[in-house]
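Chemist: Protein chains in written order, with my numbering: chain S, 1 to 214; chain G, 1 to 307; chain E, 1 to 245.
Treat each hint with caution, since some may be false.
As the list claims (entries may be wrong) - With a straight-line cut-off of 25 Å between C-alpha atoms, the simulated DMTMM-like cross-links for lysine to aspartate or glutamate are:
| no. | chain 1 | residue 1 | chain 2 | residue 2 |
| --- | --- | --- | --- | --- |
| 1 | G | K178 | G | D189 |
| 2 | G | K72 | S | D9 |
| 3 | S | K76 | G | D89 |
| 4 | G | K67 | S | D9 |
Claimed, not checked - From the derived model, a few chain E residues whose C-beta atoms are all more than 12 Å from chain S:
| no. | residue |
| --- | --- |
| 5 | A86 |
| 6 | D119 |
| 7 | R127 |
| 8 | L142 |
| 9 | R214 |
Claimed, not checked - Which chain S residues face chain E? A few, computed with CB under 8 Å, are given here:
| no. | residue |
| --- | --- |
| 10 | W20 |
| 11 | I68 |
| 12 | V146 |
| 13 | S147 |
| 14 | Y176 |
Since the hints were derived computationally from the structure, they do not count as laboratory data. On a predicted model such as this, the values are computed, not experimentally measured, just so you know. We put the beta carbon where it would ideally sit given N, CA and C, even for glycine.
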Amino acid sequence: MNWLSSNVDRIISLSISHTWLTLVPTVIGLLLALPLGWWAHRSGRGYAAIVGTAGLLYTIPSLALFIILPVILGTKILDPLNIVVALTLYTLALLVRVVADGLGSVPHDTVAAAEAMGYRGWQRLLLVELPVAVPVIAAGLRVAVVSNVSIVTMAALLGIPQLGSLFTQGFQLRLYVPLITGVVLCAVLAIIFDGLIIWLNKLLTPWRPRTVTS
Amino acid sequence: MKKRSILSIVAATAVLALSACGGGGGDPLSGGGSDKGSAGSQIIIGSADFTESQLVASIYSQALQAKGVSVKEQFNIGSREVYLQALKDGSIDLVPEYSGALLSYLDPKSTAATKDAVTAELKSKLPAGIAMLTPSAAEDKDVLAVTQATADKYKLKTISDLTLVAGELVLGGPAEWKTRQQGVVGLRDVYGLHFKDFVSLDAGGTLTMTALTNGQIQAGDLFSTDPGLKANHLVALEDNKNLFAAENVVPLIKAGKQNDTVTKTLDAVSAKLTTDDLISMNAEAATGANLSDIAKKWLARAGISGQ
Amino acid sequence: MNIVGWFTDPANWSGSGGIPVQIGYHLLYSAIALLAALVIAVPLGILIGSTGRGEAVVAGFANALRALPSLGLLVLLFLIISPVVAGKLVYILPTVVVLVLLAVPPILTGTYAGIQSADPHAVDAARGMGFTRSQILMRVQLPCALPLMVSGVRSSTLQIVSTATIAAYLGLQGLGRFILDGRATASFSEMAGGAILVALLAIVLEFTFAWIGRLIVSPGLRRTAIKSTSPLETSVTTVTLEKSP
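Could you put together the complete structure from these sequences and hints?
Modeler: In structure tokens form, the structure reads like this:
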């Protein structure tokens, strides 16, 4: 307990960098996935190509990507940019398919009705199709953000400061407290981000009945 | 499906070929920045990836801050191979070093053993742009440790005693030992030891200690100031051929960042630091106390802070 | 930094720490974890799938495990058991436990979702033909569940192979050894070599499973099992898509 009170500053700064390293790629990945997913949804051949490449990207282990990226990007190995780019790629790879499938899950009747009411192209996409696809996209986004929280901790093996550094420190000093603190904080962050997305989902889909969604 | 597989294979090969051939130049493991050190008058202090190095670096940091020097801490960088590179390239300006270990790293053939001989030779072998201040009397050597049982079984007192039995023993240490003079290479060349196997663990830390007491390795690299040596009844073998020379704590600094205030402050620290101090600080760190607090207490006891 | 040079250096391919040996150890740890995960997850999945009970609890649990920081758990387990366990087991046990914890959710989800997705008409027909409960399970439900089960095992294997790199943190062998040793000796080519090997291994296994899936899944199922458009199934597919750390 002594350790906790004397290391509060460090814990806070590590949590902040962890939050940054998790949220920034998730948001950028989502923003990139929307147009790509839409294009995949529209074009039959594009779907296969995009989802195939995404699947392959997803296969590359995170630690491997953290190490290979400095070579491609020309960054140093301790640069947090590598983490951000890697996680953006993973988020993108996961969400592209989710967005495509989400848009594909909009019932044809809804699309037909919207067209009949006079909604054209962009309007229909932004005002009808995407909102209806939000629950599906939100489900995928929850998976992405929670995975990202845990993947970031792997960067501790390379010496990049985030909550994972508490694990390596606890190991070096043979102390339980930093370890447990790290695990608990990761869980807390995951719950907070997960909850944030659930709340956003409810906010963006006010027509949904107030039932519990898993 | 087939088209997708082909596309995937092409994409994968392209990415891997690109990375294998190495995009844009420089080694990602080298530090960034110019040879002159970091910009401005701020001093960036680094440390190796073990507790004691961080303790000493924290002492340097707080002592300098008390004198009004602007400081940034970047601890826990890694092994000497990594942080020395960072020092050379200017990503850090100051780091605590161990004289004998550094000398052996810079010149594996060096035979200097005593504190003064090592200091003199080290001064002449430092890379350009890097200076060393006055070494401290405090010392922390690498020791080759065995369990009491192993020492009794093979009647081991010195490292040379291992000559006949090394082939039956497994050696454990940090990964960098595989290529170091003060490591597997030196043990082989100076003592003629060929161990059964070498296991990569950590720099005199938890893994090595556990592996040794556990029986997974029979000889391990530990630090002479490690409180666990006594606590676990381990025997530190005598280094009769002086492979691990005098290893006094000494600040290593970028020449461009050296000035009167810095030199005086750090020399004062080095003068007051003793080996016993290192041992007791390590013992306190092992109980979980905050490293900066331990450093602060030492500074208060030594009467340096707030001067 | 000469990554190609690292790969072409014959010294790196021979000896007790060479590339083939490390790949071997990596696959060994992975196989042990996969086997253990199968033994745990498949029966449990069948139970949940056929009785329909406990799905919510298990789904919630599987979700929670996705947030598991494997490095943290590894270190925690090591510290807990190191005073009481001797020998190499003190390193192997935490590693296998962490890998199994990561591997169970995809297989579990794949199995029970697969059993639930077995065409109810087929099950009905089998019952009508006089099959016993276990015959229905073995001859109808399981074969129908195969596509989702294989997908789960595939996801699981990828998780395991990716995370098995952390075994090196405890001093074990495997491809993570190149990454950690390379970092310690400031040899980026070794780090990158290890990273590329892990990535290649993962990709090879991915294609192998795609091929295995095509082999053992009945052709009659293959056509309908591919594209799922309902949001419900997307969440199942999404669960099996969890990213390996």
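Chemist: Run every hint past the structure and note whether it holds.
Modeler: The hints, checked one at a time:
no.	hint	verdict
1	K178(G) with D189(G)	13 Å, holds
2	K72(G) with D9(S)	15 Å, holds
3	K76(S) with D89(G)	12 Å, holds
4	K67(G) with D9(S)	23 Å, holds
5	A86	17 Å, holds
6	D119	22 Å, holds
7	R127	30 Å, holds
8	L142	26 Å, holds
9	R214	16 Å, holds
10	W20	17 Å, violated
11	I68	5 Å, holds
12	V146	5 Å, holds
13	S147	4 Å, holds
14	Y176	6 Å, holds
Going down the numbered hints, you'll see the structure goes against just number 10.
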